[in-house]
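Engineer: Build the complex from these two chains, which are given one at a time in their own frames, with help from the hints.
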Amino acid sequence: MNKILSKPESLKDNPLSYCPGCGHGIIHRLIAEAVDELGIREKTIAVAPVGCAVFAYDYFNFDTTEAPHGRPPAVATGIKRTNPDKIVFTYQGDGDLAAIGTAETIHCANRGENITVIFVNNANYGMTGGQMAPTTLIGQVTETTPFGRDPLREGYPVKVSELLANLEGTKYIERVTVFDAPHVIQAKKAIKKAFQNQVEGNGYSFIEVISHCPVDWGKTPLEAVKWVEEVFLKTFPLGVIKDTTK
Amino acid sequence: MAKKLVKGNIALCEGALAAGLDAYFGYPITPQNEVPAYMSNKMVSLGKAFVQAESELAAANMVLGACATGKRAMTSSSSPGISLKQEALSYMAGMEIPGVIVNVQRGGPGLGNIAGSQADYFQAVKGGGHGDYHLIVFAPNCAQEMYEITYESFDIAEKYRNPVMLLCDGIVGQMMEPVDFNKEQKTSFAKKEWCLDGCKGREPRSIKSLLMADGVLEQHNLDLQKKYELIRKNEARAELYQVEDAEIIIVSYGISSRISKNAIKAARANGIKAGMIRPVTLWPFPTEAIKKYAKPAVKFLSVELCLGQMVEDVRLAVNGVSSVDFLGRAGGGIVSDKDVLNKIMELKK
Numbered sequence: 015m016n017k018i019l020s021k022p023e024s025l026k027d028n029p030l031s032y033c034p035g036c037g038h039g040i041i042h043r044l045i046a047e048a049v050d051e052l053g054i055r056e057k058t059i060a061v062a063p064v065g066c067a068v069f070a071y072d073y074f075n076f077d078t079t080e081a082p083h084g085r086p087p088a089v090a091t092g093i094k095r096t097n098p099d100k101i102v103f104t105y106q107g108d109g110d111l112a113a114i115g116t117a118e119t120i121h122c123a124n125r126g127e128n129i130t131v132i133f134v135n136n137a138n139y140g141m142t143g144g145q146m147a148p149t150t151l152i153g154q155v156t157e158t159t160p161f162g163r164d165p166l167r168e169g170y171p172v173k174v175s176e177l178l179a180n181l182e183g184t185k186y187i188e189r190v191t192v193f194d195a196p197h198v199i200q201a202k203k204a205i206k207k208a209f210q211n212q213v214e215g216n217g218y219s220f221i222e223v224i225s226h227c228p229v230d231w232g233k234t235p236l237e238a239v240k241w242v243e244e245v246f247l248k249t250f251p252l253g254v255i256k257d258t259t260k
Numbered sequence: 017m018a019k020k021l022v023k024g025n026i027a028l029c030e031g032a033l034a035a036g037l038d039a040y041f042g043y044p045i046t047p048q049n050e051v052p053a054y055m056s057n058k059m060v061s062l063g064k065a066f067v068q069a070e071s072e073l074a075a076a077n078m079v080l081g082a083c084a085t086g087k088r089a090m091t092s093s094s095s096p097g098i099s100l101k102q103e104a105l106s107y108m109a110g111m112e113i114p115g116v117i118v119n120v121q122r123g124g125p126g127l128g129n130i131a132g133s134q135a136d137y138f139q140a141v142k143g144g145g146h147g148d149y150h151l152i153v154f155a156p157n158c159a160q161e162m163y164e165i166t167y168e169s170f171d172i173a174e175k176y177r178n179p180v181m182l183l184c185d186g187i188v189g190q191m192m193e194p195v196d197f198n199k200e201q202k203t204s205f206a207k208k209e210w211c212l213d214g215c216k217g218r219e220p221r222s223i224k225s226l227l228m229a230d231g232v233l234e235q236h237n238l239d240l241q242k243k244y245e246l247i248r249k250n251e252a253r254a255e256l257y258q259v260e261d262a263e264i265i266i267v268s269y270g271i272s273s274r275i276s277k278n279a280i281k282a283a284r285a286n287g288i289k290a291g292m293i294r295p296v297t298l299w300p301f302p303t304e305a306i307k308k309y310a311k312p313a314v315k316f317l318s319v320e321l322c323l324g325q326m327v328e329d330v331r332l333a334v335n336g337v338s339s340v341d342f343l344g345r346a347g348g349g350i351v352s353d354k355d356v357l358n359k360i361m362e363l364k365k
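Those sequence lines, one after another, are chains E and F. The opening residue of the first sequence carries number 15 in this note's numbering; numbering runs sequentially from there. The opening residue of the second sequence carries number 17 in this note's numbering; numbering runs sequentially from there.
One chain only, chain F, in its complex shape (with noise of 0.2 angstroms):
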């Protein structure tokens, strides 16, 4: 099929209509407003549920009640609305309940500005809501992978009973790419033995994160670390980009990480053997392929839109083998890249 030009956002709401989305709920925030508008029409046109939402609070708990049901729902918003989502997003991981939360991260703290960001990375990866738990994090960088990744969302939430987040910018949301609309209309779904969908036949079914007897509380924890332990063992991804013989090995994401492609092309024109690991999960981040890099001659430099979050992941896989430097811009400034030549060439001395 031919590729057809279209905003990340765009791109990410066929990618959820393919996976087979029953229910859209979301609440008008920039720079996402592409996605509401979009599902408004599509939604309803297909007869399935849209909902605009009073607020973020209550959008993200329409997905906890369709989710929970086996349905597949999903919000969006940007980072002042995500900070609201984390209660929706602390229950669902206590109840294992799957659905899919995209954050198109705008410049912080507070209201910040509607420029792309990437200073949410602590908020998704570390928790962002209370308690022990993890949301399964991708980092699409360009709108086909805002298409594929979240067509495939859908299922690895429901795989793990887990909420997964798309964390994006509104670099990558705004920017019109051509896009291979490439995957097949899901239709049929595995059958989910836990959801609420009536006690037709069975036993009645309760979801719920209460567990007040003694020490049940706990084996729930131990066995949500159980699962997040076979989630790092199987999804940690990450593109390797001219590693082999690298002596400067960036670590990117998102938006920075197209910006630092261009500046390690420029870096082997100078004869610097410059490469690049990119994180496509942020959680369960990629720490085995970067290990595998670190060594004493390799210097690794973490190239973020924000002062400093990812580079923390970054010196824990490395763990001291190989140095760790940053290069960044926060409140919506974007790392050019000549910025990330000049550090590798800084680097290089």
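So here's chain E without its partners, still in its complex pose (with noise of 0.2 angstroms):
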């Protein structure tokens, strides 16, 4: 018998701590995927970010650092500038990218450093409980939104994939989401075409999943996809929002 699928070289065998319905695992799959097709999994150096991705370098079975909470930008800079042949990606939830980390996500793209950013949107912070995130909808329920977001209150859903595309650094940015197959596959393409701009030098990728967190959204699996597809989209719609690489 002929073996025709098994578990990427880029995953290590740890059982993921990921809660049952989280996207996450996903996502991770889809990396190790890319980088194991790219075969550059022995020149690759990830940076995990704090949040629930910590414990990233755990499962993905190249080099990895931490960064602190937001820094992940910064440090990948230090570690691509001083090492341009390898492949640097950070993977970042939405606090630390979007709130903690706001500025150095906006300087490392404008800089256009030839790295990989994976920013996976749940629209809440996971780690801690489900608290609001930049990412949270107007009207969604968190820990510290008990009424819903309500703009006057705190503001709008920060869109940093727009936000991004402003700046002439960037060269990829597209918003995918895992909560189908179809959409799944949809996903693998954009990360390993952001990985595949690093390997040819094209600069700045940034991918932004849209991911499903049942357990802190207080939905059942199932209830939390539905809710990717009727709600969550329709305040970050899907698609390429720039590609300068063409």
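By construction, these hints were calculated from the structure, which means they are not laboratory data. You may find that some hints are simply not true.
Stated by the list, open to error - If you want a taste of the chain E side facing chain F, the calculated C-beta under 10 angstroms gives, among others: (1) E51; (2) A60; (3) V64.
Beta carbons: idealized from backbone N, C-alpha and C, even for Gly.
Structural biologist: Following this line, the structure appears as structure tokens:
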């Protein structure tokens, strides 16, 4: 019998610690597949965030480092500038990337660092129990918006992809999601392209992955994916937001 | 080689370059602006990395990233900027990432002023960031030492996998002095078996400070303490100046040690046996050197450009055997050699 599918080499055997129904596991796998397919595992250095994906270094089977909360783009800059031959990516959640790390995100993008950023947007702080994130939707109930996010009180969801598209330093930005198989396939294509860009020296690539967080959203996994499709994507529409590499 | 007249801040840059610096990351703040300006030219010309970061936080974290890959990187700043870098310093200590951080101190607290100061002693040697850790802290007192100690600090940081801080002050940074650039350019470096350089032909590595499993973080802290103990044993340094017969021993570092030395010469000319122990490392503090000279008949005097920080460590070292007095000024005020001499005279009475 021939083996036609197996776990990517870029993933370790460790069981994931993510909640049941969480999107991180899918996104990890897509990254691992892309890294394998491009044959770059042995020269990849990943920067893990503070947040749910802080444990990424237990799952990825290549070199990884931790970074203080919000600082992965700065850490990645330090790595890439001194190791231009390595493939460097950050994996960050919405609190890490769009709240405490906003300055690092914008300036790393504006410098056009030749790195790849995987931005997991699940509209809340998952690790700490579901507080409001910069990307929390209007009206969304979280641990710290018990009456729903009110723009007069909490402002509006930050659309980081659109924000970064305005910067000349960014080369490729796409928003994808992973709630069903066709979208997972599209997400894989985008992630692989974002790494391919770095291999080719095209510059800064940014993939925003709209992900589901059933436990902190207080939903079943099925309700969560339905909410992504019917509500979440209305505020964060999918598609290529910028591509200057064509 | 003939000596060259340069500012302390430039001597510092040359020391880092001779040590094989791969990357400099900085942010403008007075009185250390010569450093990023000089490095922006040198590093780019040498084909090495230079980034003017968006913030002090980012600059420090760029150092963290570069040094995690085994490269030599540094950042420099002054007091308010160093406060912002404490986050990365705590992580680097926890993750055991070497790196060199320079503080050309200015007056504080808050935005303070841009005059020379020594008010960041506590921050540098007692922690600064969160957690149970130590930086290795050097206190150069002249341009020559800005060059030599910077040169050496990269080796020491890597030897112990621990961040090194150079605690300078605005005066030593800004003053021009002749410097003998006597160090050889470093080109070969010890292989680092821990760094992130891609997992070709080996198991992947990860560098982290998050240790959640039961007891693991405590063990990590115990291991760090063992390392700190080794550093205490190996690296404490002090310059002794006329201490053998001294009845009054000044303890002073950085620019105030230069001022104190003049006062000691004047005191000796007046028949007063004064001397000085100058800590070259502030952490580890040269406790043993001080202890050795602590006798009931000897009076100690800590001279600092702040209102009394190092004096606490002098008291701990002396441990009640000698009296310990203090002289200092704050907010950019400079203690004069006359002030120090008057204090010596007063102690002599």
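Engineer: State for each hint whether it applies.
Structural biologist: Results of checking the hints against the structure:
no., hint, in the structure
1, E51, "violated (17 angstroms)"
2, A60, "holds (9 angstroms)"
3, V64, "holds (8 angstroms)"
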